[in-house]
Amino acid sequence: MHPHCCSRMAAATETSCDQHPDRFDCPDALIHRSVKSGRYGIIIHDGGSSTVAIDFCPWCGKRMENSEAND
Numbered sequence: 000m001h002p003h004c005c006s007r008m009a010a011a012t013e014t015s016c017d018q019h020p021d022r023f024d025c026p027d028a029l030i031h032r033s034v035k036s037g038r039y040g041i042i043i044h045d046g047g048s049s050t051v052a053i054d055f056c057p058w059c060g061k062r063m064e065n066s067e068a069n070d
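Quick note: the sequence shown uses numbering that gives the first Met the number 0, first residue 0, plus one each step.
Now the in silico label distances, taken between C-beta atoms and shown as ranges: (1) 43 / 7: 19 to 27 Å; (2) 2 / 45: 24 to 32 Å; (3) 20 / 60: 26 to 34 Å; (4) 62 / 20: 28 to 36 Å; (5) 54 / 17: 27 to 35 Å; (6) 7 / 51: 16 to 24 Å; (7) 62 / 24: 25 to 33 Å; (8) 15 / 35: 15 to 23 Å; (9) 17 / 64: 28 to 36 Å; (10) 35 / 2: 15 to 23 Å; (11) 18 / 64: 30 to 38 Å.
Derived from the structure by calculation, the hints contain no laboratory data. Note that this is a predicted model, so its numbers are computed, not measured. Every residue, glycine too, gets a C-beta built ideally from N, C-alpha and C.
Sequences and hints are given; from them, build the entire structure.
Rendered as structure tokens:
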């Protein structure tokens, strides 16, 4: 996988928590990057593991390399 677009995106996708071993359970985890597709998504904190795909970084505005906007 390619490196992240900015340091804030890297920090958001690498957030870990001692209280929540699963990032989808942690309210501080905002962004997930799929290992399979490389796509980024905003985590939906509803008890599941859903995300809303994003095509641009919410911090630096750069287009995500594996976004559908590039297809």
